[in-house]
Amino acid sequence: MIPRFTAPLAPELILSIGGTILMLMAAFMGRRGSALISWLAVALLLVATAALVGPPSHTGPVFDGMVSADLFASFGKAIMFPAAAVAIIAAHGWFERGTEHASEYAVLIVFAAVGMSVMVSATSLVALYVGLELNSLAGYVLAAYRRTDERSAEAGLKYFVLGALASGILLYGISLLYGFTGTTNFTGLAAAFGRGAPSLGLLFGLVFVLAGMAFKISAVPFHMWTPDVYEGAPTPVTAFFASAPKVAAVLLSTRLCLDALGPATDAWRQIVIFAALASIFLGAVAAYGQTNIKRLLAYSSINNVGFAQIGLAAAGPQGASSVLFYMAVYVVMTLGAFLCVLWMRDAEGRPIEDIASLSGLAQTRPAFAAAFAIFMFSLAGIPPLFGFWPKLLVFNAAVASGYVALAVAAIIGTVVGAYYYLKIVKVMYMDEPAAPYARAREPLHGLLILIAAIAVSPLGYLLIGPLGHLTDKAAGSIF
Amino acid sequence: MTGLPLLTLLIAIPLAAGVLCPLVKDEGARWIALAATLIDLALSIYLWANYNPDGPQWQFQELHPLGGGVNYALGIDGIALLLIVLTAFLMPICIGASWRSITKRVPEYMAYFLLMEALIMGSFAAQDLFLFYIFFEGGLIPMYLIIGVWGGAERIKASYKFFLYTLFGSVLMLIAMIYMAGTAHTTSIPALMAYDFSKSAQTWLFLAFLASFAVKLPMWPVHTWLPDAHVQAPTAGSVILAGVLLKLGGYGFIRFSLPIFPDGSLQFLPLMFVLSGIAVVYTSLVALVQRDMKKLIAYSSVAHMAFVTFGLFAMNRQGIEGAMLVMLGHGLVSGALFLCVGVVYDRLHTREIDRYGGLSDNMPGYALLFMIFTMASVGLPGTSNFPGEFLSLVGTYRASSWGAIVGTTGIILGAAYMLWLYWRICFGTQRNADAAAMPDLSLREWWLLGPIALAVFWMGIYPESFIRPIRNDVGRILTRLDRVTPTGDSHLTLGAMKMGAMH
Numbered sequence: 001m002i003p004r005f006t007a008p009l010a011p012e013l014i015l016s017i018g019g020t021i022l023m024l025m026a027a028f029m030g031r032r033g034s035a036l037i038s039w040l041a042v043a044l045l046l047v048a049t050a051a052l053v054g055p056p057s058h059t060g061p062v063f064d065g066m067v068s069a070d071l072f073a074s075f076g077k078a079i080m081f082p083a084a085a086v087a088i089i090a091a092h093g094w095f096e097r098g099t100e101h102a103s104e105y106a107v108l109i110v111f112a113a114v115g116m117s118v119m120v121s122a123t124s125l126v127a128l129y130v131g132l133e134l135n136s137l138a139g140y141v142l143a144a145y146r147r148t149d150e151r152s153a154e155a156g157l158k159y160f161v162l163g164a165l166a167s168g169i170l171l172y173g174i175s176l177l178y179g180f181t182g183t184t185n186f187t188g189l190a191a192a193f194g195r196g197a198p199s200l201g202l203l204f205g206l207v208f209v210l211a212g213m214a215f216k217i218s219a220v221p222f223h224m225w226t227p228d229v230y231e232g233a234p235t236p237v238t239a240f241f242a243s244a245p246k247v248a249a250v251l252l253s254t255r256l257c258l259d260a261l262g263p264a265t266d267a268w269r270q271i272v273i274f275a276a277l278a279s280i281f282l283g284a285v286a287a288y289g290q291t292n293i294k295r296l297l298a299y300s301s302i303n304n305v306g307f308a309q310i311g312l313a314a315a316g317p318q319g320a321s322s323v324l325f326y327m328a329v330y331v332v333m334t335l336g337a338f339l340c341v342l343w344m345r346d347a348e349g350r351p352i353e354d355i356a357s358l359s360g361l362a363q364t365r366p367a368f369a370a371a372f373a374i375f376m377f378s379l380a381g382i383p384p385l386f387g388f389w390p391k392l393l394v395f396n397a398a399v400a401s402g403y404v405a406l407a408v409a410a411i412i413g414t415v416v417g418a419y420y421y422l423k424i425v426k427v428m429y430m431d432e433p434a435a436p437y438a439r440a441r442e443p444l445h446g447l448l449i450l451i452a453a454i455a456v457s458p459l460g461y462l463l464i465g466p467l468g469h470l471t472d473k474a475a476g477s478i479f
Numbered sequence: 001m002t003g004l005p006l007l008t009l010l011i012a013i014p015l016a017a018g019v020l021c022p023l024v025k026d027e028g029a030r031w032i033a034l035a036a037t038l039i040d041l042a043l044s045i046y047l048w049a050n051y052n053p054d055g056p057q058w059q060f061q062e063l064h065p066l067g068g069g070v071n072y073a074l075g076i077d078g079i080a081l082l083l084i085v086l087t088a089f090l091m092p093i094c095i096g097a098s099w100r101s102i103t104k105r106v107p108e109y110m111a112y113f114l115l116m117e118a119l120i121m122g123s124f125a126a127q128d129l130f131l132f133y134i135f136f137e138g139g140l141i142p143m144y145l146i147i148g149v150w151g152g153a154e155r156i157k158a159s160y161k162f163f164l165y166t167l168f169g170s171v172l173m174l175i176a177m178i179y180m181a182g183t184a185h186t187t188s189i190p191a192l193m194a195y196d197f198s199k200s201a202q203t204w205l206f207l208a209f210l211a212s213f214a215v216k217l218p219m220w221p222v223h224t225w226l227p228d229a230h231v232q233a234p235t236a237g238s239v240i241l242a243g244v245l246l247k248l249g250g251y252g253f254i255r256f257s258l259p260i261f262p263d264g265s266l267q268f269l270p271l272m273f274v275l276s277g278i279a280v281v282y283t284s285l286v287a288l289v290q291r292d293m294k295k296l297i298a299y300s301s302v303a304h305m306a307f308v309t310f311g312l313f314a315m316n317r318q319g320i321e322g323a324m325l326v327m328l329g330h331g332l333v334s335g336a337l338f339l340c341v342g343v344v345y346d347r348l349h350t351r352e353i354d355r356y357g358g359l360s361d362n363m364p365g366y367a368l369l370f371m372i373f374t375m376a377s378v379g380l381p382g383t384s385n386f387p388g389e390f391l392s393l394v395g396t397y398r399a400s401s402w403g404a405i406v407g408t409t410g411i412i413l414g415a416a417y418m419l420w421l422y423w424r425i426c427f428g429t430q431r432n433a434d435a436a437a438m439p440d441l442s443l444r445e446w447w448l449l450g451p452i453a454l455a456v457f458w459m460g461i462y463p464e465s466f467i468r469p470i471r472n473d474v475g476r477i478l479t480r481l482d483r484v485t486p487t488g489d490s491h492l493t494l495g496a497m498k499m500g501a502m503h
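For the protein sequence lines, the chains are A and B, in the order given.
The first sequence maps to residues 1 to 479 in the numbering used here.
The second sequence maps to residues 1 to 503 in the numbering used here.
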């Protein structure tokens with residue numbers, strides 16, 4: 001007989017069992033199997049995505065409310081699994097040139113995906129922590145994946161030390177919440193917070209938990225690790241960090257704030273508003289002087305997370321829906337931008353990360369420059385590109401909740417941030433051509449960039465209807 | 001009327017051509033761009049011919065819901081129609097003006113121009129608030145690239161300034177739009193034009209929209225991006241900037257500020273008049289001392305746009321119709337003047353006024369056309385700017401005699417700087433040998449300037465063709481403004497009745 005939890009947990013089961021088998025294969029096949037294992041991992045992630053499609057019996061709480069396989073979780077998984085698959089494809093041909101074991105990369109991403117999957121479905125503090133750590137542990141190893149490269153090792157160490165600190169803060173907050181409410185369950189927490197004004201202990205717990213979450217989504221003031229780790233980690237890993245785990249963490253904090261801490265909205269809202277505005281402005285201003293494209297994109301991701309948090313601060317189903325929409329589009333833009341960064345290689349095929357090397361790209365590689373420019377304008381939220389729409393939605397949610405001043409402050413942040421996105425476009429289009437990049441020989445990358453570029457082009461507006469419908473339904477499932 | 005989605009075609013044709021351009025070589029791109037803009041011109045003339053000025057307010061409507069409360073809704077009234085015709089008329093001329101003067105990265109250049117045409121057409125035709133914003137803001141990207149890639153020495157700074165200034169103005173408008181959509185529960189512009197927002201809300205909404213349109217138009221003191229952008233932009237870029245993009249600001253005032261926020265408009269009327277008055281006098285004086293031809297014309301644009309704000313916020317028929325005519329006339333004349341600068345710039349590669357002189361000797365054809373446009377810019381009766389400036393000043397006088405006095409000073413100053421410019425360039429002795437050796441207009445340049453000259457006379461001699469389509473629309477705006485129209489201090493009694501009867 002198949003246990004009852006099989007159907008709701010199908011994606012996690014597929015990934016865990018498949019991931020374990022792949023790890024064994026990697027151990028036995030060594031470097032020879034790297035291509036095969038990568039493709040199998042991609043297939044695994046796609047199968048897990050396909051397993052999300054199913055009858056409504058899949059939804060609802062599992063394991064006495066530890067996790068919930070509802071639409072909210074499914075929506076997150078439907079974004080994260082393909083994004084993780086893209087991160088595997090992006091690494092194709094990247095690690096083979098070094099001496100590393102290329103095969104474990106894909107396996108680690110699969111395990112990280114399991115962690116993310118638990119994160120978005122977590123409805124108890126224990127599941128939350130387990131998912132987060134599963135994802136983070138894989139992440140620490142991934143950041144240091146180029147063992148021989150000093151920067152990569154440094155990134156891994158930095159990420160690990162700071163991440164451990166954040167986990168500690170989070171755990172401390174969790175223990176306070178548990179101690180003062182006697183439950184780790186989100187429903188129980190919501191009931192405890194619903195009984196009048198929260199006690200000092202509960203408030204402390206809430207602040208510590210939110211601080212731990214802010215570290216994972218790299219919101220200011222817990223963002224310090226982001227630029228260093230993004231710069232030091234191998235580029236495919238950076239692409240992964242900036243996309244799927246970020247979605248998982250944002251969705252997790254959304255569920256945590258709106259579900260478990262829902263009755264205490266007034267208590268956490270000011271924290272989220274501060275983090276949102278600080279992220280938007282710091283992300284915008286700190287990116288000005290950057291010369292390394294990965295660092296710049298790190299600040300861009302801090303900036304974008306700030307906008308997603310505007311939707312969270314708005315609270316309510318509309319706010320949650322705008323967060324989901326934002327993250328869905330954000331993932332496409334970010335992966336597109338990082339795939340472009342992966343194409344930046346000199347004549348010998350060594351990766352370049354210098355912004356100056358993009359000079360005059362519009363003349364040497366017009367299609368590549370056009371795609372990159374589309375991602376930049378879209379990340380900046382300039383219409384007619386599709387990146388404008390999720391920004392509009394979060395502002396819309398903020399205004400609808402009566403936070404007009406917040407929306408005005410955030411939108412001024414888009415103008416400040418527009419400057420550095422424009423700088424990239426300026427370098428590519430208005431400067432004299434620098435030494436051209438080597439011809440890329442990965443048609444699959446090109447195809448992925450093309451798909452991403454089309455999705456965030458004005459054609460993306462055709463998605464408003466269906467995607468908006470989905471995010472509304474997914475957001476509705478946590479209320 | 002046919003079943004074809006004409007307005008969509010108007011947007012789609014340049015868009016498709018713009019996508020096609022980068023795939024072909026230089027010469028092919030030029031011809032594709034010219035063909036696409038000419039087809040658009042033909043389409044817009046067809047629209048004009050089939051537009052029924054006595055028919056419903058919105059014609060050629062199209063509506064496709066996109067979901068999420070947003071519609072792909074297009075439709076035009078007379079005001080949008082005329083601005084669309086103006087855009088379609090200037091675009092082939094811009095392509096022609098770039099035919100020989102742009103030699104690097106031609107396909108890209110043509111693609112950006114075509115994209116811009118599509119976006120401008122879209123902003124005039126959009127009937128959904130957010131659709132309008134998308135088109136309106138989208139126009140920044142191609143213009144940013146045109147200035148930044150093909151501009152002069154200071155192009156980078158000018159392109160940033162252009163982009164960030166206008167973006168900053170617009171984002172505040174976006175928040176106002178979100179608030180409007182949330183309050184009125186509709187994003188349809190026609191529905192919003194009939195919706196009454198509370199007085200206190202109108203104050204803020206008006207200011208937010210003002211932030212965007214004042215930068216775009218531009219009004220003093222947020223005009224400083226304009227001289228930089230004009231001076232650095234290639235000739236055709238300046239033409240489209242002055243001829244059409246500035247008109248988006250005026251269009252915004254007519255479409256949003258006046259009918260949707262009548263109370264807000266009345267509340268800020270003194271502010272608008274003071275800003276317009278300062279703009280007229282100050283920028284005219286600044287224009288007087290310029291050594292750079294393009295900068296002079298750029299400042300004159302700011303002064304002319306002040307007539308638009310004067311006329312619009314007079315909130316009476318003469319004022320609004322006059323403002324509309326000034327926009328159309330200025331679109332033609334400033335475009336033509338920038339082309340005239342481009343003609344000599346292509347030959348001598350300098351815009352310094354002192355480097356020229358006595359051009360009427362060696363370039364009589366050029367001197368003739370330049371004279372026509374100079375006179376039109378001054379507002380000589382019989383040319384395009386006269387009816388507009390006259391009407392808008394009459395309207396201003398009815399609202400505020402002081403406004404009219406200051407505004408009229410601008411006409412005098414305008415005559416001073418334009419005639420002096422003309423004198424320094426075309427008359428006098430030929431001081432510079434290289435300027436004296438320049439050949440007269442080529443056939444291509446005649447084709448560029450000739451049609452504008454004809455249109456300038458048409459507007460001057462028979463402005464009724466241009467007032468007819470907008471008469472009912474202005475009437476509809478006036479009924480929205482009825483409650484608030486300022487009485488003015490000019491104490492017109494019989495005159496007011498007569499002027500009322502004139503229309």
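By construction, these hints were calculated from the structure, which means they are not laboratory data.
Incorrect hints may appear among the rest.
Listed next, with one range per pair, are the computed distances between beta-carbon atoms [claimed, not checked]:
| id | chain 1 | residue 1 | chain 2 | residue 2 | range |
| --- | --- | --- | --- | --- | --- |
| 1 | A | Asp346 | B | Asp26 | 46 to 54 Å |
| 2 | B | Trp447 | A | Leu462 | 52 to 60 Å |
| 3 | A | Leu447 | B | Arg100 | 34 to 42 Å |
| 4 | A | Gly402 | B | Thr479 | 28 to 36 Å |
| 5 | B | Met193 | A | Gly402 | 21 to 29 Å |
| 6 | B | Ser200 | A | Gly196 | 56 to 64 Å |
| 7 | A | Gly465 | B | Tyr46 | 42 to 50 Å |
| 8 | B | Ser198 | A | Leu462 | 29 to 37 Å |
| 9 | A | Pro366 | B | Tyr46 | 31 to 39 Å |
| 10 | B | Pro221 | A | Leu165 | 49 to 57 Å |
Even glycine gets a Cβ: it sits at the ideal position worked out from N, Cα and C.
*asked:* Looking only at beta-carbon atoms, does the pair serine 198 (chain B), leucine 462 (chain A) fall within the given range of 29 to 37 Å?
replied: 36 Å, holds
*If you check the beta carbons of tryptophan 447 (chain B) and leucine 462 (chain A), does the distance land in 52 to 60 Å?*
41 Å, violated
_Satisfaction of the hinted span 46 to 54 Å by the C-beta atoms belonging to aspartate 346 (chain A) and aspartate 26 (chain B)_ = 30 Å, violated
*Cβ separation of glycine 465 (chain A) and tyrosine 46 (chain B), checked against the hinted range 42 to 50 Å*: 32 Å, violated
*Regarding leucine 447 (chain A) and arginine 100 (chain B), is the given constraint of 34 to 42 Å on their beta-carbon distance met?*
40 Å, holds
_A range of 31 to 39 Å was offered for this pair. Does it hold for the Cβ distance of proline 366 (chain A) and tyrosine 46 (chain B)?_
Once the Cβ atoms are compared, 35 Å apart, the range 31 to 39 Å for tyrosine 46 (chain B) and proline 366 (chain A) holds.
_Outcome for the supplied range 56 to 64 Å, where the beta carbon pair is serine 200 (chain B) and glycine 196 (chain A)_ = At 36 Å between Cβs, range violated.
*asked:* Range first: 49 to 57 Å. Now tell me if the beta carbons of proline 221 (chain B) and leucine 165 (chain A) are that far apart.
replied: 50 Å, holds
*Outcome for the supplied range 28 to 36 Å, where the beta carbon pair is glycine 402 (chain A) and threonine 479 (chain B)*: Roughly 33 Å apart at Cβ, these two residues keep to the hinted range, so it holds.
*Mind checking the hinted window 21 to 29 Å against the Cβ distance between methionine 193 (chain B) and glycine 402 (chain A)?*
26 Å, holds
Consistency note: the structure conflicts with the earlier hints numbered 1, 2, 6 and 7.
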